[in-house]
Each structure stands twice: as C-alpha cells, then as structure tokens.
Amino acid sequence: AQKVTQAQTEISVVEKEDVTLDCVYETRDTTYYLFWYKQPPSGELVFLIRRNSFDEQNEISGRYSWNFQKSTSSFNFTITASQVVDSAVYFCALKSERNQGGKLIFGQGTELSVKP
Amino acid sequence: DTEVTQTPKHLVMGMTNKKSLKCEQHMGHRAMYWYKQKAKKPPELMFVYSYEKLSINESVPSRFSPECPNSSLLNLHLHALQPEDSALYLCASSQGRGGTDTQYFGPGTRLTVL
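Protein chains in written order, with my numbering: chain A, 38 to 153; chain B, 432 to 545.
Bound-form chain A, shown alone (with noise of 0.2 Å):
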C-alpha cells in the first residue's frame, strides 16, 4: 500500500519566522517520486517541487527548502523567513510506475497561517 502522512493539520507562525512542513510516506517500490504542491486561497494546486527517489540531494530554491531522507521515508518542507503571502494549503504527494499508471497519492494537506 502507498500512503502520504501530513501529521501538522494546521500551523500558524508569525511573519518573518521559519516553518518545517512534516511528510512522511509508505511506499514498498524502489522508484518513485515526491511532489509538494501549493494550494492557495484562489485554489489553484502550484507544483513546488519534484524529487526522485533515487535522488537524495536535498534543494534550495529561494526561501523554499527540501530535505529528502529515505532512511526515514520523509520528505521535509521548510520555508524561512516566511511571508503572508506563504500563508496557503500545502501537499506532499507521492506517485510511483507501478501504482496505476502514475496516480498521485496525496497526504491530507497541512494549513499553513503567516501573520503579520
């Protein structure tokens, strides 16, 4: 079975602070691919990120940060020096070949709050 855990239902930080988005997944293939998307207010899903399971390096994009360790099968989120304009619906998803084709499976989204 393929699963996505967003343990952090609901996360409210003040503006300027540094928040870490938690994603854990289950997954018995050896290749697969993590996704982290973006939904703001308007409700548009934004692609954030792609990261391939053979692929630990983690990634900076920005104030945007990604820690990948299959050790732990986690695939961690992390944006500093946040904004209100950060402030957005956030999913990990997780797909892999053999799984249908390539169906997303998403984690239940963490809310993320900046407040000036």
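No lab work stands behind these hints, which were simulated from the structure alone. Any given hint could be a false lead.
Unchecked claim - Between beta-carbon pairs, the in silico distance windows are:
id	chain 1	residue 1	chain 2	residue 2	range
1	A	110	B	451	35 to 45 Å
2	B	501	A	52	44 to 54 Å
3	B	441	A	109	40 to 50 Å
4	A	134	B	441	30 to 40 Å
Built from N, CA and C at the ideal position, the CB exists for glycine as well.
With the hints as your guide, set chain B onto chain A.
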C-alpha cells in the same frame, strides 16, 4: 509556460440541469486529468486521459461524463448532479510519460449544486 485554463470559474446548477466544465492546455501534454476536491480535503482523482483515450476511471458515477476532443482539450459533462457533488473541480495535465510526469493544475471550477 505551465498554464492550464479552466472555464467557468464558478458554476451554480440545479439537479436537473446539464452543464459542462472545460479545460485547456497548450503545453503539448498528452495526459489530462479531472480531480474533485471537497473543502479541507486533498484532491481525489476522477478520470485520466492518456493520448486522448480514457485510461483511468475511478468508479465515478455516470452523471459525470468526461470527453477529450483533442490533446489540448478536456471536458467534463454534468447531468442530474446531487448537492453532495458540490466541490472544486480541478483539471491537470502532464507530459504523458507515466511515473516521471509532473502534473500541472488549472485554477479549478467551483461547482455548487442546488
């Protein structure tokens, strides 16, 4: 350009109405998707078209009828919906290479069924 467009943005319909949702992409993608999302929940996959053929139907009721006229367009025809079908309907597209694909989503259509 990673844009997927959807029309209309909002739709209110009665249970006896027939309406259609439209989705368009010009990224040359060969896979297109319909998702349904209820408030405070993740998106749920409904249908997948791959190279203009229906490849996945997640046991969706027949009152939802997808159509893929060409590789750029995806429609979702709605008929005799129920109030519980009220949700955000998201369209997505991807290159069509399977597991390595990244899905890009449109802004969604907020549907209210009265």
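Hint check results:
1. 110(A) <-> 451(B): 35 to 45 Å: Holds, at about 41 Å.
2. 501(B) <-> 52(A): 44 to 54 Å: Since the Cβ atoms of residue 501(B) and residue 52(A) sit about 46 Å apart, the hinted range of 44 to 54 Å holds.
3. 441(B) <-> 109(A): 40 to 50 Å: Since the Cβ atoms of residue 441(B) and residue 109(A) sit about 42 Å apart, the hinted range of 40 to 50 Å holds.
4. 134(A) <-> 441(B): 30 to 40 Å: Check passed, 37 Å falls within 30 to 40 Å.
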